[in-house]
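Novice: Using the hints provided, position chain L relative to the given structure of chain Z.
So the protein sequences, as listed, match chains Z and L. Quick note: the first sequence uses the numbering used here, first residue 133, plus one each step. Quick note: the second sequence uses the numbering used here, first residue 133, plus one each step.
Some hints here could point you the wrong way.
Same chains, same names: a pair is fine if it fits in one copy or spans any two.
Said to hold, decoys possible - Listed next, the in silico DSS-like pairs over lysine-lysine satisfying Cα-Cα at most 27 angstroms (straight line):
#1 K315 - K181
#2 K316 - K300
#3 K138 - K397
#4 K441 - K284
#5 K138 - K284
Everything labelled a hint here was simulated from the structure, so no lab data went into it.
Protein chains: 2
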Amino acid sequence: MIIKKKKYNVVVVGATGAVGRTMVSILAERKFPVEKLSLLASSRSAGQKLSFDGREVTVAELGEGSFDGIDIALFSAGASVSRQYAPKAVQAGCVVVDNSSAFRMEKDIPLVVPEVNPHAVRKAPGIIANPNCSTIQMVVALKPIHDRYRIKRVIVSTYQSVSGTGQKGIAELAQQSQDFLSKKTIKNEVYPHQIAFNCLPHIDTFLDNGYTKEEMKMVNETQKIFEDDTLAVSPTTVRVPVFYSHSESLNVETENPINIGELKKLLAQSPGICVVDSPENDEYPLAIHAAGRDEVMVGRIRLDLTHPKAVNFWVVADNLRKGAALNAVQIAELVIS
Amino acid sequence: MIIKKKKYNVVVVGATGAVGRTMVSILAERKFPVEKLSLLASSRSAGQKLSFDGREVTVAELGEGSFDGIDIALFSAGASVSRQYAPKAVQAGCVVVDNSSAFRMEKDIPLVVPEVNPHAVRKAPGIIANPNCSTIQMVVALKPIHDRYRIKRVIVSTYQSVSGTGQKGIAELAQQSQDFLSKKTIKNEVYPHQIAFNCLPHIDTFLDNGYTKEEMKMVNETQKIFEDDTLAVSPTTVRVPVFYSHSESLNVETENPINIGELKKLLAQSPGICVVDSPENDEYPLAIHAAGRDEVMVGRIRLDLTHPKAVNFWVVADNLRKGAALNAVQIAELVIS
Chain Z
133 MIIKKKKYNV VVVGATGAVG RTMVSILAER KFPVEKLSLL ASSRSAGQKL SFDGREVTVA
193 ELGEGSFDGI DIALFSAGAS VSRQYAPKAV QAGCVVVDNS SAFRMEKDIP LVVPEVNPHA
253 VRKAPGIIAN PNCSTIQMVV ALKPIHDRYR IKRVIVSTYQ SVSGTGQKGI AELAQQSQDF
313 LSKKTIKNEV YPHQIAFNCL PHIDTFLDNG YTKEEMKMVN ETQKIFEDDT LAVSPTTVRV
373 PVFYSHSESL NVETENPINI GELKKLLAQS PGICVVDSPE NDEYPLAIHA AGRDEVMVGR
433 IRLDLTHPKA VNFWVVADNL RKGAALNAVQ IAELVIS
Chain L
133 MIIKKKKYNV VVVGATGAVG RTMVSILAER KFPVEKLSLL ASSRSAGQKL SFDGREVTVA
193 ELGEGSFDGI DIALFSAGAS VSRQYAPKAV QAGCVVVDNS SAFRMEKDIP LVVPEVNPHA
253 VRKAPGIIAN PNCSTIQMVV ALKPIHDRYR IKRVIVSTYQ SVSGTGQKGI AELAQQSQDF
313 LSKKTIKNEV YPHQIAFNCL PHIDTFLDNG YTKEEMKMVN ETQKIFEDDT LAVSPTTVRV
373 PVFYSHSESL NVETENPINI GELKKLLAQS PGICVVDSPE NDEYPLAIHA AGRDEVMVGR
433 IRLDLTHPKA VNFWVVADNL RKGAALNAVQ IAELVIS
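Only chain Z is shown next, with the shape it has when bound in the complex:
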């Protein structure tokens, strides 16, 4: 679905959350042609003011009439809000870009990463789903490799920051870290265990097959985005005591043999990727460097010594930007392109 106007009425649902706030600033940064920006949230957050492009916008409460006259709605308020309100927004004539997991695996709803499958946007009946953060940065890095060498199997272990859980995750890591350093008792409310100075091999809930939902998102969303059920992903997702940006350690096995020099060039020339790979100068992608940046950073690119057609590398991106808000705004840009 492509819409064409000079300027658009845009709404951000879940505007006061970590991703929602980032959506608002990215709309301004990228000079999205906004006629009017409405910010919506639950009654708890309504009344807050956020700045957009130098002006103050008051957050309103999400309700039945919220989408009248709106062209594009960016949703980031959780799956249940999306399930309830995204269809209403579509009925009101809106194109919805949804950052929740609500519609991602629905057959008729495209799941889009603009660097990978921009064409899928055209098939949208009204809702376009934004993939999960850990999937987005991985598929941006995999795309040129799959095109050139054809990927058979990916084994991935993640190092995911607490901002993926939202502002409450950020607050819990800060509070626990401070309490730990002051030798006070650690309280945990957001995570099932202390996250400060610890690693939790547990993101989202566990399924019967022993994998978490977060892990199965990486499996299923990757196949849907590449429209390729043979692309196998074996994931372990881990929360680490980092505020912003997710890091991922990937082992990628391909159908065709890889030339490592060619691969590095290929990645460096691919849209949305920044290769940072000079280990001799201590240069490789780092969470603290990726935070606030748009690119997916790739480094530590090296042949797997144990397999003739496999490579290892390290992928880092800002989970609130490319992993969520930026990707959603990029989808909206495709919608109006």
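Specialist: Chain L only, in chain Z's frame:
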């Protein structure tokens, strides 16, 4: 080399370091039959007092005559100290258990993890090498799997704590975390980049093949310990902002098909392993729980959905204990057994 006495004169070289201190407490905890304990360090640390089994022992300066009358020397003062003094200790009639990388890959020097290859101790000419921390906990978990299913290939990503760098690593993480939370400027002296709230895909120096020395230790030491050059390890080693215990995400491919129920039982019955694997109750191995414990904790055990003969699991151990000091004392126990 096996020696037999009622009690032994023992020396710890590098006694004031993070591993050295742990060696001293483990010797007491395990009631190692110590006649006299001498503690040695560089001139900078000589004169410090450490408590051993309720008594105070003054740290002396390491020198030429340090090993006269000593039966067993535990070295943990870095490779160059080991290269200089371990041969002198052997000449003085000592059995040396060396925690540095100095002799690990030397053909005639056994590299021992008591749960895996205790027999190798008998071949020792005087020096027995203690493997690297990240290798030890991995091979303890791999041993029963290799015996039963025969391992072909391991893909491992690590989450290693700063205590692996010693007390200066611990101090740097604490200081940087405090400075970050207080919005002060972060200084880094020990690591090439900020470690607080960040992950560094860089441990030890980089080699020409794009891997770090730490990574190649996991490759080469594992093959030596299992006496099997066909056991292939593909590693990515990462420093994370955790004080104690290393975590590891493993993907293990075997020659023979794995029954997951049988595998869990097998691991639970194996020496040195504690299976913690009730994800439905949020129970899995955690760095904060492994710290101070002797066992290698294994959990998140599940079949790899992308390969008919592979499993994923999560391994956590106290890097100062099983990863260093405990393993060294266990080797000394084999020497006198």
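Novice: Going through the earlier hints one by one, which of them does the structure break, listed in rising order?
Specialist: As far as the earlier hints go, 3 and 5 are violated by this structure, in ascending order.
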